[in-house]
Amino acid sequence: MSAVSTATANGTAIRSRTAVLRILLVEDNPGDARLVKEMLAEVDKQLVFRVEQVDTLAAGIERTRGEKIDAVLVDLGLPDSKGLETFYRLHAAVPNLPVIVLTMLNDEDAAIEAVRGGAQDYLIKSRLDGELLTRVILYSIERKRSEGALRNRTFEAECAQVRSETYFDYLAHDIANLLSPILAYAELISDDSEAPSSTRARAARIVEQTRRASSFILSLRALEEAERTPFDEFDFVDLKDMFPLVEGRVREEHPEKQISVNYEMPVDGALKVAGGVHVHSLLDGILENAVNYSDSEKVTVSIRVVPVEEAGDKFFWQIEIADDGPGMVDELKAFFVPSGASSERLRKGISRGVASSLLIYSALVGRFGGSGWVEDRVPGDYAKGTKVVVKLPRGV
Amino acid sequence: MVIETYREILRIYGFEVVGWSYNGEEAIKKFEMLDPRPDVIIMDHRLPMKNGVETTVEILRIDPSAKVLFVSADTSSRSPALSAGALGFLRKPFELKEFVATIKQLGEKSMLAASG
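Just so you know, the protein sequences line up as chains E and D, in that order. Numbering follows the numbering used here, in which position 25 of the first sequence is assigned residue number 893; successive positions increment by one, without gaps. Numbering follows the numbering used here, in which position 87 of the second sequence is assigned residue number 111; successive positions increment by one, without gaps.
Everything labelled a hint here was simulated from the structure, so no lab data went into it. What you are looking at is a predicted structure, and each value in this text was computed from that prediction instead of being measured. Each residue gets a CB set at the ideal place from its N, CA and C atoms; glycine is no exception. There may be inaccurate statements among the hints.
Interface residues of chain D toward chain E, partial, derived using beta-carbon atoms under 7 Å [said to hold, decoys possible]:
| hint | residue |
| --- | --- |
| 1 | Val26 |
| 2 | Ile27 |
| 3 | Thr29 |
| 4 | Ile33 |
| 5 | Arg35 |
| 6 | Ala97 |
| 7 | Asp98 |
| 8 | Pro117 |
Whole structure, please, built from the sequences with the hints as guidance.
Put into structure tokens, the structure is as follows:
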């Protein structure tokens, strides 16, 4: 079918030069076979159908293994096979060939079933005409070709996905590995009592930065893992278990700061949310930002959890984490929108130098079926601190 | 590079490094030949020939009392390593103090072999 052109979006087939299409007709009724051949013989001058006819399914399948065929027209009632089975056996033998089922008026149900099973179309013999037959054949060939192209593209995309996961894994693993001696030597120097204090202080900086690089790799890994996890496979975790862990970790990381954390949440019962271990990374990242970006030595963080119901049947725990730090300008706030974790927004965010943690959290929240945003702690005055709001699906 | 770093650090902290290898199979052979056996074996996961988990299984088959400390940047190896019988897991890059403290905890004597 190399010479035939493609059907365009508006449905017109463009045929620029004479095309030859080889049609295999599997039909045991000589009268029906002659009718089809006649109809296809006089279509138009730029399109030539070369019809080959066989009487049985076995002969038909045999013929498809020979010289190239562009489409198969098959009658479901043949001497060696009856009904839907005829189609299924043929389709199994030639899954990549477009098959059009020919049927009697009283057997349309079987034909419809065949289309569900992979036939491109069906034609009722008593209602055949040349134009309809031609159009059905051409479109069937075209549809089958697009299906094949789509399958190929999907396969290529899956391969590319696996490759980029592999590259990412190497990157994360090998950089963490390389950080290992850097951290060890820097710790050695910073702990060396014989080294000058300025040298030790510089080494301590290397230690700090290496730790940050290492935890950054961990966050990205967590996100990448979350991307590969189907939504319903995330465990539910209790926020009441998470907050003390996260608060403890952040306090340990920032001994230089006086951190006070106030909680306001329902006293009774667990606060279960979807997201498994990633909820910990998410909360840890938000609290870490609140403390780390504060210029002052005293940091006050208020954490509030409230139940939220949407559309009558969707239940969330809404977590609000407010700090009294330097605040966030509106342009940055806009990036913390989970629905916006589209590739376009991500790329834009990256090119604008948006803090990677912001993009990571927003992507994570979206993956858990939640949403979130950033607002000013004091509405209208961003310089008075930031409030990060995250809504996560409530579990039982 | 990583192995050299460990060897230097371990020496500084007063441990004796009695052997090392760059792949799993060689590690098993060396372990078999060492007499006395090391007090602690430090094992990476992504190794040529045999990975750390496979090597740990083999070493424990030879000597069920062997003490393996897993150190890897591959966090997904933590659970299989512990199931295979490793007594500890440290994610790379690890804190020096934690590394040294864990080895001290595991080994009563000051002899060990490094692998990875």
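Status of the hints after comparison with the structure:
| no. | hint | verdict |
| --- | --- | --- |
| 1 | Val26 | 6 Å, holds |
| 2 | Ile27 | 10 Å, violated |
| 3 | Thr29 | 4 Å, holds |
| 4 | Ile33 | 6 Å, holds |
| 5 | Arg35 | 12 Å, violated |
| 6 | Ala97 | 3 Å, holds |
| 7 | Asp98 | 6 Å, holds |
| 8 | Pro117 | 4 Å, holds |
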